[in-house]
Structure formats: structure tokens, C-alpha cells
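Sequences are here, hints too, so could you generate the full structure?
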Amino acid sequence: MPAPCRTIDTSGRLCPFPIVEAARAVKAMESGAVLLVIATDPGIALDMPMWCKATRNEHLGTFREGESWKSFVRKGAVGR
Amino acid sequence: MTRKVKAIGLVSGGLDSTLALALVRRQGIEVKAVTFYTGFCITETQRRKGGRPDGSIPRNEALRAAADQEVEIEYVDISGPAYLDMLVHPRWGYGANANPCVDCRVFMMRKAKEIMEVEGCDFVFTGEVLGQRPKSQRRDTLRIIEREGGLEGRLLRPLSAKLLPPTTPEQEGLVDRSRLEDISGRSRHRQMALAGELGIGDYPQPAGGCCYLTDESFARKFFDVLDAREARGEERRLDREDVILLSTGRHFRLSPRAKLVVGRTEVENALLEHHVPGRARLEAQVVLGPIALVEGTPTWEERLLAARIVARYGKGKESPRVTVEWREGDLIETYEVEPEQDEARIESLRI
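Quick note, the sequences are listed as chains B and G, same order.
The letter at position 38 of the first sequence is residue 38 when you use my numbering, and the numbering goes up by one with no holes.
The letter at position 202 of the second sequence is residue 202 when you use my numbering, and the numbering goes up by one with no holes.
Please keep in mind that the hints were generated in silico from the structure rather than gathered at the bench.
One or more of the hints may lead you astray.
As the list claims (entries may be wrong) - Residues of chain B placed beyond 10 Å of chain G at every Cβ, according to the derived structure:
id: 1; residue: A23
id: 2; residue: A25
id: 3; residue: S31
id: 4; residue: E65
id: 5; residue: E67
As the list claims (entries may be wrong) - Simulated DEER-style distance windows between Cβ atoms:
id: 6; chain 1: B; residue 1: E65; chain 2: G; residue 2: R139; range: 52 to 60 Å
id: 7; chain 1: B; residue 1: R56; chain 2: G; residue 2: D54; range: 30 to 38 Å
id: 8; chain 1: G; residue 1: E273; chain 2: B; residue 2: C5; range: 33 to 41 Å
id: 9; chain 1: B; residue 1: A77; chain 2: G; residue 2: G93; range: 44 to 52 Å
id: 10; chain 1: G; residue 1: R26; chain 2: B; residue 2: A77; range: 22 to 30 Å
id: 11; chain 1: B; residue 1: C5; chain 2: G; residue 2: E347; range: 54 to 62 Å
id: 12; chain 1: B; residue 1: T40; chain 2: G; residue 2: D224; range: 30 to 38 Å
id: 13; chain 1: G; residue 1: R190; chain 2: B; residue 2: T7; range: 41 to 49 Å
id: 14; chain 1: B; residue 1: I38; chain 2: G; residue 2: R327; range: 54 to 62 Å
id: 15; chain 1: B; residue 1: E65; chain 2: G; residue 2: D224; range: 40 to 48 Å
id: 16; chain 1: G; residue 1: R237; chain 2: B; residue 2: A77; range: 45 to 53 Å
id: 17; chain 1: G; residue 1: D54; chain 2: B; residue 2: T40; range: 16 to 24 Å
id: 18; chain 1: G; residue 1: K315; chain 2: B; residue 2: C5; range: 32 to 40 Å
Here a beta-carbon is modelled for each residue, glycine too, at the ideal position from N, C-alpha and C.
Listed below in C-alpha cells is the structure:
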């Protein structure tokens with residue numbers, strides 16, 4: 001995975017807040033920049049690809065690491 | 001150059017709002033989907049508790065609908081004190097349970113109006129269907145929702161539009177009324193046929209909503225909190241912590257002064273652990289059993305009763321005596337009790 005230019009840790013927060021926080025973070029980033037979202041809500045593995053598709057950002061992958069999930073998102077050219 | 005028409009779509013991801021989204025999108029209108037977080041969504045709560053009994057995790061249908069139609073979506077949290085106050089003091093009253101659907105819709109429309117103005121959009125649309133719900137989707141209440149939500153003429157219901165007065169965007173030619181629908185009533189056959197026509201194959205089975213407030217058992221617990229506060233001479237009110245606890249565990253009203261909440265699963269036990277401050281925490285010793293919380297100021301008899309009920313839901317329920325630990329701040333006591341065997345008594349206390 002590419003090195004993220006920003007990481008947010010949403011551990012302990014539950015659906016829908018990991019996505020809400022990711023949306024806020026992406027909004028403040030430059031196109032092409034990568035965001036890493038750390039979450040403990042397993043729903044992120046379902047939510048992040050759908051949110052990226054809806055908002056035209058690129059979902060690079062979501063991986064489980066112990067009790068956490070790591071989700072990588074690249075802000076699209078028209079990503080919102 | 002013609003101006004781009006923009007709209008805010010309130011999307012839950014159910015069949016109706018998914019269709020409304022598609023009907024507006026196919027007219028070339030730019031849509032921003034908004035989905036509201038109220039804290040009362042059954043699917044979200046199911047996810048918070050680790051998913052369904054079979055281990056699967058339900059999808060977030062609003063995200064799915066927006067993703068399928070490639071529409072920008074924003075989650076808006078409205079679960080704060082103003083929303084809770086509206087639930088306790090609804091101007092238009094409750095439906096069959098604790099659901100003040102008209103007030104809730106008005107609340108959402110006011111928020112949608114703010115978003116519409118900030119985003120420079122022309123109108124708001126929803127998946128509401130005339131006559132589908134007995135309280136909030138009657139002709140008169142649809143009108144109230146529009147007026148009180150501050151969206152007069154700017155609230156489009158694409159599925160029933162031809163049965164309702166033309167909205168401003170229709171009159172201005174921003175929306176082609178002839179390409180909207182005239183659906184009414186509780187049957188979903190028209191919607192399913194329309195989904196086929198619009199190429200929408202992936203949608204949740206229509207199930208009449210996913211809101212805890214429409215659930216009878218949840219409503220009993222909801223009103224119990226308000227009634228108990230009133231009986232103690234306190235204000236009828238609800239806070240966010242109440243909302244979380246209302247959807248967690250078995251609830252027993254020991255008296256107007258005291259309530260017992262017993263975890264049903266490991267996830268619920270873990271959730272209750274986050275709400276110990278200000279409450280007593282009960283747990284059987286030596287044998288496995290649930291975590292339980294007691295709210296309020298129980299009498300000595302009520303403490304023992306709570307301990308017996310906690311013992312009854314643990315592995316020691318057949319034992320003659322069970323030790324139950326009572327922790328309250330720095331105070332730790334242990335009670336030796338017989339597990340409560342009187343099911344009728346337990347049922348009479350269950351909220």
C-alpha cells in the first residue's frame with residue numbers, strides 16, 4: 001500500500017462514524033493523496049468500498065490486523 | 001448555457017428512496033444524497049452488536065444505494081439533544097408505539113432545508129409514498145411535513161408526485177412531472193415493477209422501516225424511562241446514554257426508584273461495561289453469568305431481588321445459592337442469594 005499522507009484512528013467508534021470521519025478527512029485532502037482509516041467496526045470492510053464508489057474516491061484496500069481494520073483510500077480527481 | 005439543476009435526496013437505502021433517487025437522477029439532475037443518523041436504526045444497532053446471529057454483518061443500505069447510482073452521500077448526525085427533546089414532546093403525537101413520525105420528518109426536513117441552502121440546491125426529494133404509512137404519509141401530514149419543514153413548494157415526492165400538487169421545480173420546468181410516478185398505498189408491487197424498469201435489482205426487502213421507535217417492546221422501555229423519571233419528580237427527558245441502554249439487554253422495573261438491565265450476550269455485556277459510572281454493576285462470582293446494571297436508588301429488598309435475577313440468568317441458575325458481586329463506585333459487596341425461580345414474578349417485572 002502507498003504511504004498515507006494522513007491517518008485517522010476511529011477505533012471504538014461505530015457505524016456510521018468511521019465513514020463520517022473519513023469523509024471529513026478526505027474533504028480536506030489534495031486529489032491523489034492517500035488516507036489511512038483505522039477502525040474497530042468490522043462494518044468498515046463493507047462500507048468503505050461503497051462510500052468510495054459513491055464519492056468517486058479510490059478504495060485501495062481494507063485489511064484486518066488483529067482486532068482492527070486498516071482501510072486505504074486515495075482521493076479521486078473529482079472525489080468528494 | 002443552461003443552469004445545472006441540483007437537489008438534495010433523503011436516502012435511507014430502502015426501496016422507495018432508492019427509486020426516488022433513480023427517478024430524479026434519470027432527469028439529469030445532480031443529486032447529493034443525505035442520510036440521517038438518529039441513533040434508532042435497528043440495522044445500525046445490529047451492526048454495533050457484532051452483526052446477525054449467523055455472524056454476517058448487514059450492509060449499510062444508504063451507502064449501497066448511493067454507490068450503485070454513483071451519487072455523493074453525506075451522513076448527517078441529528079441524534080443530539082434537540083432530536084431527543086422532540087421525541088419526548090412531539091407536537092403531532094406518537095404513532096402506534098414511540099414513533100412521532102410526523103415530528104421526526106419535520107425535524108429532518110428542517111435540516112435538509114439548511115443543507116439545500118448551503119449546497120445551493122433547488123429542491124429536496126424523498127421516497128415518501130402517499131398513503132403508505134397511516135400517520136406520516138397521509139395527504140394532510142405530507143402537507144404538514146412540507147410546510148413545517150420550511151420547504152413549501154420545494155419538497156418533491158417523485159413516487160407520488162402526480163397525485164400531489166405540482167412543486168415549484170416542476171412548475172419552473174426544472175423537473176419533468178410527466179416522468180414522475182403516481183404510486184399510492186401500502187402495496188409495493190408498483191415499486192418492484194418500477195425497480196425492474198429502472199434496472200435496480202439490488203435493494204433490501206421492503207420491511208416497513210428499521211426504526212426502533214416503531215417497535216412495541218422498545219416503546220415500552222422508552223416510555224418506562226420517561227414515566228419513572230416523572231414518578232420521581234424529575235423532568236420527562238431522554239439522553240443519548242438512555243438510547244444506547246434501551247436497545248441493550250433485558251430490562252426489569254424493580255420499582256419507580258430502580259431498574260435492572262441484564263446483558264444477553266457477550267457483546268451486550270461488554271457494552272454495559274461502558275455504562276457503569278453512576279450505576280451499580282452486578283455479576284455472579286465463581287459461575288459464569290451476565291453483567292447487569294442497576295440504575296437509581298434500590299431498597300435492600302430490591303438489591304436482593306436484582307441479585308437473584310442476575311443469578312437466574314447465569315450458569316448457576318440451578319444452584320441453591322449463588323454469590324453475586326455488587327459494585328457501586330468504591331463500594332463492593334457480595335450477596336449470597338437463591339437464583340430467582342419464579343418466572344411469573346420475573347415476567348411481571350420485565351419491561
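The hints, checked one at a time:
1. A23: Since the minimum Cβ distance to chain G is about 7 Å, B:A23 lies within 10 Å and the statement is violated.
2. A25: Since the minimum Cβ distance to chain G is about 14 Å, B:A25 lies beyond 10 Å and the statement holds.
3. S31: 15 Å, holds
4. E65: At roughly 18 Å from the nearest Cβ of chain G, B:E65 sits farther out than 10 Å, so the non-interface label holds.
5. E67: Fine: 12 Å to the nearest Cβ keeps B:E67 off the interface.
6. B:E65 / G:R139: 52 to 60 Å: 54 Å, holds
7. B:R56 / G:D54: 30 to 38 Å: 33 Å, holds
8. G:E273 / B:C5: 33 to 41 Å: 36 Å, holds
9. B:A77 / G:G93: 44 to 52 Å: Distance hint for B:A77, G:G93 holds at roughly 50 Å.
10. G:R26 / B:A77: 22 to 30 Å: At 25 Å between Cβs, range holds.
11. B:C5 / G:E347: 54 to 62 Å: Holds, at about 58 Å.
12. B:T40 / G:D224: 30 to 38 Å: Taking Cβ atoms as reference, B:T40 and G:D224 lie about 32 Å apart, which means the hint holds.
13. G:R190 / B:T7: 41 to 49 Å: This hint holds: roughly 48 Å between Cβ atoms.
14. B:I38 / G:R327: 54 to 62 Å: 32 Å, violated
15. B:E65 / G:D224: 40 to 48 Å: 42 Å, holds
16. G:R237 / B:A77: 45 to 53 Å: 48 Å, holds
17. G:D54 / B:T40: 16 to 24 Å: 21 Å, holds
18. G:K315 / B:C5: 32 to 40 Å: 51 Å, violated
The structure fails hints 1, 14, 18 (numbered hints given earlier, in ascending order).
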